[in-house]
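Single-letter residue listing:
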Amino acid sequence: MRRSAGAAVALPSLSAILAACTRPGETRNPEQVDLLVPRPDRPVTLPMNGEPIPTDAPIESGAELQIFNWVDYVWKATVRRFVEENSEHDISFSAVTTFNNMEEAVSKMQAGEIEADVVFPTIDAVPRLAVAGLLQPLNHELIPNLERNVWSAYQNPYYDQQWRYTVPYTVYTTGISYRRDVISDSQIYGMANPWEILWDPAHRDRVGVYDSYRDTIQTALLKGGITDINTGDQGDLDLARDELLSMLDLVNPRATINGSYKRLPQGEFDVHLSWSGDIAAGWGYVPEYTRDYYENLGYWFPEDRVGPVDNDCIAIPANAPHPRLAHEFINFLLDFQNAMDNFSWVGYQPPMNDAQPALLTQTEGLYSQISGWAEPAEYVLPWMESAVVRQSDFDVGYRQAPLSPESDERWNDVWQQFKTGVKAGE
Amino acid sequence: MPARVSKVRRTRAAEQSGVHYPRWFWPAFASPAIAWLLVFFLLPLYAVLSIAFGTVDPIFRTPLPVWQPWWWTTSHVVEGLDKTFGLFQQVYLRTFWYVLLASAICLVLGYAVAYYVARHGGRRKTLLLVLLVSPLWISYLMRMLAWVNLLDREGYVNRILTFLHVVPQPVGWLEGRGITVILGLVYGYIPYMILPLYAFLDRIEGSLLESGRDLGADPLSTFVRVTLPLSRPAILAGLVIVSLPMFGDYFTNTMLSGSPSTTMVGNLIDDSINTAGQGPEAAVRILILMVMLLIPIGYYLRSTARAAQAR
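Each protein sequence line maps, in turn, to chains A and B.
Numbering of the first sequence is given in this note's numbering, commencing with residue 68 and proceeding in unit increments.
Numbering of the second sequence is given in this note's numbering, commencing with residue -4 and proceeding in unit increments.
This is chain A alone, in the form it adopts within the complex (with noise of 0.2 Å):
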């Protein structure tokens, strides 16, 4: 469940205490700390860790596939039709590692703790993890899928300019589920500013956000009108804590991590911020696996496409065990019908060209098809289209970025007053 160990701590050794002469923190090159707040206007290109794999290298026979990944975030079927196909390499894989936050990756992987070929990490984590040198540069001849299958945009993308250590798993934009029997399409169309239905005491106790603290002082922040969802400044950042408290007040909202996916198609919300990859997987939470119930499931996103998308990564650590293992695994991953089978299960839309996105609300997944007790379903139903992810978006969206130290403190200052629950004015 949520949220293991936490911050790993590695006693040191004698040896590593007496040698330690300068102050701990103190011995980090400032310039690599620039590297690590890149902005779509400001790309940055991560220095290599070192060679790629040699192209002629030979995958590991034998070997166990390692998977450091979210929970239920790649389908097994998926992993084990890999394992199949390379059976004559004597490969074989038991379960995923699976982490609950990102912080909880980062930490386990800088502690050494983690032996992963492949790893799935967001897009504030990689710059971190590739100056620290925990990733891999990949090798491009051994992912043709990428150049031959992939959104144009992720051909060079700004995180890491010419791709040297991620290729990009999964898009998604951040709008709002909700449940149609309670809230009608054109209800939530219909409203000036749809955000606001998150502050709507028509729904108090129904109501969630997501427990993070960027996706919720964002959805605050987009609500008060202020479109610069990476900003330091404080009036900004002010501002959003007001709307959070207000949120608090009326509608006593909880944050949550499975609320949009899982809790509300069971029943347990009226309406939840929402990656829309949660609420396209949605269908397979509900309490019967009919049309019936597919159809309480809705999804906002604004209708002009202006709004929050971002995308997901794959990466190899480091210290692979088989990395050779890992690019024909990634390389897999990218190929379109393997992706297509994986969102099926995953409902992350992967970044492919031949996912046209007028198909996609009318094409059956293979998880669906396989559900011997579950009424069909589209990759992503049919009246929620706006969860369709188009290569557009990234055009006029808005996207997330890594903070600098000194505003991420900020942003923390306002979460942690909305965690508090204390209301304006008590």
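Warning: the hint list may mix true and false statements.
[What the hints assert, rightly or not] Dumping the calculated DSSO-like pairs for lysine-lysine here, alpha-carbon to alpha-carbon at most 30 Å:
#1 A/175 / B/78
#2 A/290 / A/490
#3 B/120 / A/490
#4 B/78 / A/290
In short, the hints are calculated from the structure, not lab data.
The hints should help you fit chain B onto chain A, whose structure is shown.
Structure of chain B alone, referenced to chain A:
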């Protein structure tokens, strides 16, 4: 007095048998426990201190413990104390109330159950005890998950309540209510209250109660004037055992509420551990909680020491 007598007797017995132990012999028996404390208590505590007075890695923003006290900085500690009495004051107060209420309910329910088993359990005592302890065989997390299903709008609790017309429509137990968190804490920790109470009540001599009755007390005043005062140490022990973990508990709230309006101190610690750059703050909060918990522990130790003296 009896203690002194037995010591004298023991010494004489040793002299008579001619066995002489070196001075270190008896203290040496404490060494495994001392080693245990050093490795699993003092060392981790020092790690927490080193993080609280330490710094943050500028790239990872993970905590960097500073092991040398001469390089310690107090800024995080000052800030932590500042927030305890400022921003987080309400959370500390809320936690205190939740724990107080939950412990009180544990005591009332637990005492009744323990009393029943000890006095009226008869031959079924063992069976009843096993039944009482059996929830402990399942992990706390699983028990809370079970409650999530039971307390759902469509869950059994609401179905029964509406069937019996106790409530007109299903109650949103999981929709961010303090009462759910308190009852969750009660359910989670009550076995730890029942066991020490039972162990103590079971040992109260029946003859004491009988003499109370012989001297003219009715059942109620026998209970109030004999049983209750006798069980005071067990009540204190039970309260300490259940309330200490409750103060640090965070997943009862995470699972049964998740609303900021029910945030407890444990949630603040959990949040800061999982936030980049806030490792030292998390360590400071842990230390503050430890210091606060020293007060009830101190009271408990003092009162048990007094009780031992009085005997």
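**Hints that the structure is at odds with (numbers, increasing)** = Structure breaks hint 3 only.
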